[in-house]
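Throw the hints in and build the complete structure from the sequences for me.
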Amino acid sequence: MARRYSMVVAFAALIVAIQLATRFTDSSYHLTQLTMTAYYSLLIVGLCMLIGYAGQISIGHAGFFAIGGYVSAFLTTHNLAPRRGGGFVSLLSKSGALVARPDAFGGDLLHVHPWLACAAAILLTVVIAYVVGGPVLKLKGHYLAMATLGFGIIVYRMALGTEFLGAADGISDVPGFPLLSGLVVTGNSSLRVSNYYLAWGLVILGMVLLLNLIHSRVGRALEAVHGAEDAAGAMGIPTARYKLNTFVLSAVFASLAGVLLTHYNGGIGPSEASVMKSVRYVAIVAIGGMANLWGSLMMSLVLNYLSLRGYFGTFDDTVFGIILLLIMLFAPDGLLRRHILSDLKGLVSPRSAGEEAP
Amino acid sequence: MTILSVRGVSKRFGGLQAVDDLSFDVGRGSIKALIGPNGAGKTTLFNLISGFLKPDRGEIVFGGTAVQDMPSYQVSSRGMVRTFQHIRLFPKMTVLENIMVGRHVHSRAGFLAGMLNLPFTWKEERRIREKGMEILELLGIAAHAQAEAVSLAYGQQRVVEIGRALACEPQLLLLDEPAAGLNMRETSDMGGLIAKIRDMGVTVLLVEHDMSLVMKISDEVVVLSYGQKIAEDRPLAIQKNREVIRVYLGDDQ
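Residue numbers (this note's numbering), protein chains in the order written: chain S, 1 to 358; chain H, 1001 to 1253.
Derived by calculation from the structure, the hints in this document are not laboratory data.
Computed from a predicted structure; not experimentally measured.
The beta carbon of each residue, even a glycine, is placed where N, CA and C say it ideally should be.
Among the clues, some could well be false.
Which residues of chain S face chain H? A few of them, derived with a C-beta cut under 8 Å, are [stated by the list, open to error]:
1. S216
2. R217
3. V218
4. R220
5. A224
6. I237
7. P238
8. T239
9. L244
10. N245
This is the structure:
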């Protein structure tokens, strides 16, 4: 357990070091992309739990990200002022669930509070994940991949074709998300540092939760399901329910990432739901070592940052496609496997690497 | 007293009647063996009893409850646990971790408790680990606790698989060809282990091809041929049964 949390502390130190480095090199504008990276990383670690530990692939997680983002964006920008007299709206208003603010044209805007919008987004995600995951997770291998891909495409086309979700333009003018007093998720550059720490703090919290889960009875059961599903069932593990719960959990991570990044960016567009985004997430988990939360997180940090800073230029999607291709060809278990150190030792001195552990 | 009762069970795969109106009982505290030539329906019957397959007709009553419509995990959690003809250990997990998975039905930490690392789970995990070590001691493989399970010798993997089933604290243990792939000495050790398990109060139902093992340890034997029961008796009587001899060795004519 000590080792589990010492890695967390080391990672937190890295996050602080990065912030200090940008401060002393006077390049704090990097923090914007690093904050966005944090929210994508939240999705990545959730997906890593699903792919690496429960052994179920999903090429549709951009869909869950988009569901979170769009629900939150719509509810916090849709003007309820014209219906102020209506019974339901006035009830919401009285219970403090609505907030008023001036819109971009000086008019007044009445919309759902971000907390309520966030809760609605997560709730909808949970419902959809259960409804989709129930039948889909009965499939295995390529069939599961294709079914989740189909789900991702459906969400993408719906985002693209729905007028009140802004169609191809998406939704903009999304307000900040006041999480706690003084702590607002917003792209406002004066709050850049606090947002950077807030975002990575949430990632670290998510990591702690998932690391705990991996080392629990449930984690052991998931590893058993992954390794030999029929034998896991014979040990009394409800395999279908465990896979479904992990699917929903990873969908919630994706959706929450979508909610927060949408508030941070001040908007969301259909490209966030695109299939290439889902492929990118799978590629990052794969290069991170599949069943390796830390590997996936580090790869997410590096690759998302490089991508968001535009280092891959017009080859952005190509890079992730190639990564996935190379991993599947040459290291189908992922690159940064958990036992990579002992594997390497085994290469150097084959005799010392066996199971002679004390 | 009967712990398991198979009543008029049938299962058809396309044109093949794999199990045909089969009935027998297993008495509590006994060792019962299912034998029969290849293709007699033994493994199908095992899959039906353990909930991996649903029978077309008939009832499987375990401890007074009809279980034929339950999924396998519910059957196991009721105390009827199986092993596999082809060893199905969990890869990438140590021997101890494999055994610890067997404690699943006797522990309760769920997703939320696991994620929040709630204090009650610490005690539970410690108990799971202790119980796992206890079982390894009992089986004489405690020295391999930290080895990757699938790296052990074949015979030891069999023992680990049985240990994992024992960790569930079953009332009825279903062993699918426990001696398959074992050499003579290992087979004899396996016989000793099965008898020891019975003496611990666990009823055993096994499918086995090794006749010397079956005849030595079984209290009763059921013989299957083409999905039907052709004999059910004590081992000595089975050896003299004309129908059984005919099925195994063929007719004079």
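S:P238 as chain H interface residue, shortest Cβ-Cβ below 8 Å: With Cβ-Cβ at 5 Å, under 8 Å, it holds.
message: Given S:V218 as an interface hint, is its Cβ closer than 8 Å to any Cβ of chain H?
response: Interface hint status for S:V218: holds (4 Å vs cutoff 8 Å).
query: Does S:S216 meet its interface restraint, that is, does its C-beta lie within less than 8 Å of any C-beta in chain H?
result: Interface hint status for S:S216: holds (3 Å vs cutoff 8 Å).
message: S:R220 was flagged as interface toward chain H. Is the shortest Cβ-Cβ separation under 8 Å?
response: holds, 6 Å
task: For the hint on S:T239, just tell me whether its beta-carbon gets within less than 8 Å of chain H.
output: holds, 7 Å
- request: Hold the hint about S:R217 up to the distance rule: shortest CB distance to chain H must be less than 8 Å.
  value: Result: holds, 4 Å to nearest chain H Cβ.
task: Using 8 Å as the Cβ threshold, decide whether S:I237 counts as touching chain H.
output: This hint holds: S:I237 lies near chain H, its Cβ roughly 5 Å from the closest one there, short of 8 Å.
- prompt: Holds or violated: S:A224 as interface residue toward chain H, Cβ cutoff 8 Å?
  reply: holds, 5 Å
task: Mind checking the CB of S:L244 against every CB in chain H and telling me if the closest is under 8 Å?
output: violated, 11 Å
- request: Return the status of the interface hint for S:N245: holds when the least beta-carbon distance to chain H is below 8 Å, violated otherwise.
  value: Where the cut-off is 8 Å and the nearest Cβ of chain H is about 6 Å from S:N245, the hint holds.
In the structure shown, a violation is registered for the earlier hint numbered 9 alone.
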